[in-house]
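Kindly produce the complete structure, drawing on both the sequences and the hints.
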Amino acid sequence: GNSVTQMEGPVTLSEEAFLTINCTYTATGYPSLFWYVQYPGEGLQLLLKATKADDKGSNKGFEATYRKETTSFHLEKGSVQVSDSAVYFCALSEVGGSYIPTFGRGTSLIVHP
Amino acid sequence: DGGITQSPKYLFRKEGQNVTLSCEQNLNHDAMYWYRQDPGQGLRLIYYSQIVNDFQKGDIAEGYSVSREKKESFPLTVTSAQKNPTAFYLCASSIDPGYSGNTIYFGEGSWLTVV
Chain A
1 GNSVTQMEGP VTLSEEAFLT INCTYTATGY PSLFWYVQYP GEGLQLLLKA TKADDKGSNK
61 GFEATYRKET TSFHLEKGSV QVSDSAVYFC ALSEVGGSYI PTFGRGTSLI VHP
Chain B
1001 DGGITQSPKY LFRKEGQNVT LSCEQNLNHD AMYWYRQDPG QGLRLIYYSQ IVNDFQKGDI
1061 AEGYSVSREK KESFPLTVTS AQKNPTAFYL CASSIDPGYS GNTIYFGEGS WLTVV
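As they're listed, the protein sequences go chains A and B. FYI, in the working numbering the residues of the first sequence are 1 to 113. FYI, in the working numbering the residues of the second sequence are 1001 to 1115.
Hints may be right or wrong, so weigh each one.
Claimed, not checked - Just the calculated beta-carbon pair ranges, DEER-fashion: (1) B:E1069 / A:G78: 32 to 38 Å; (2) B:K1071 / A:E76: 35 to 41 Å; (3) A:Y39 / B:N1084: 22 to 28 Å; (4) A:T20 / B:T1077: 26 to 32 Å; (5) A:D55 / B:V1115: 44 to 50 Å.
No wet-lab data here; the hints were simulated from the structure. From a predicted model like this one, the values you see are computed outputs, not experimental measurements. We treat Cβ as the ideally placed atom computed from N, Cα and C, and that holds for glycine.
Right, here's the structure in full:
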């Protein structure tokens, strides 16, 4: 079946540091890949997505590239801010088997001033 | 504004009680979902529905029930059979269950605590 593996958190950074959160996936076909963000006490919201290999999703300074050869979709940001502190979820969705999204466990990011 | 409304935000359940969490969406989405979130375990799918009057069990459906009598509504009942219901519950929806690239839209969540 499908699965998503994210790096363990929490990730703790100082403001303006470079961020990478690793995400790898297992899928039987050609999934779409997503990053969602959850701020404390709230629901999840879409951060970015990519629907085919080599696509790059980007939003609010965050980027992730769909790498089919390494089955990865790592999240990056060049300079994090305190307001980026949240939990980040990698997810995939695939038609054919089931379209139901599969989520990773989430990675907590803490940014200090 | 379009979105997903969950209520109540906080709910306390006594042992042996059934409680119902409300989820309403005005996005005209076909598919709706319920997830449970526990610390360190990410999201686990409880039930989902692709169309009105149809729903399917997810990974952890035991002790839960749902209905989908209207397109915009997908309430979740946590029954007394659910032995460890304390968690954060998230309702979500997406426009077309047949397209893998669809964004999932989430409500603000409901906290359920057993007292």
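Right, here's what the structure says about each hint:
{"no.": "1", "hint": "B:E1069 / A:G78: 32 to 38 Å", "in the structure": "violated (49 Å)"}
{"no.": "2", "hint": "B:K1071 / A:E76: 35 to 41 Å", "in the structure": "holds (39 Å)"}
{"no.": "3", "hint": "A:Y39 / B:N1084: 22 to 28 Å", "in the structure": "holds (26 Å)"}
{"no.": "4", "hint": "A:T20 / B:T1077: 26 to 32 Å", "in the structure": "violated (42 Å)"}
{"no.": "5", "hint": "A:D55 / B:V1115: 44 to 50 Å", "in the structure": "holds (48 Å)"}
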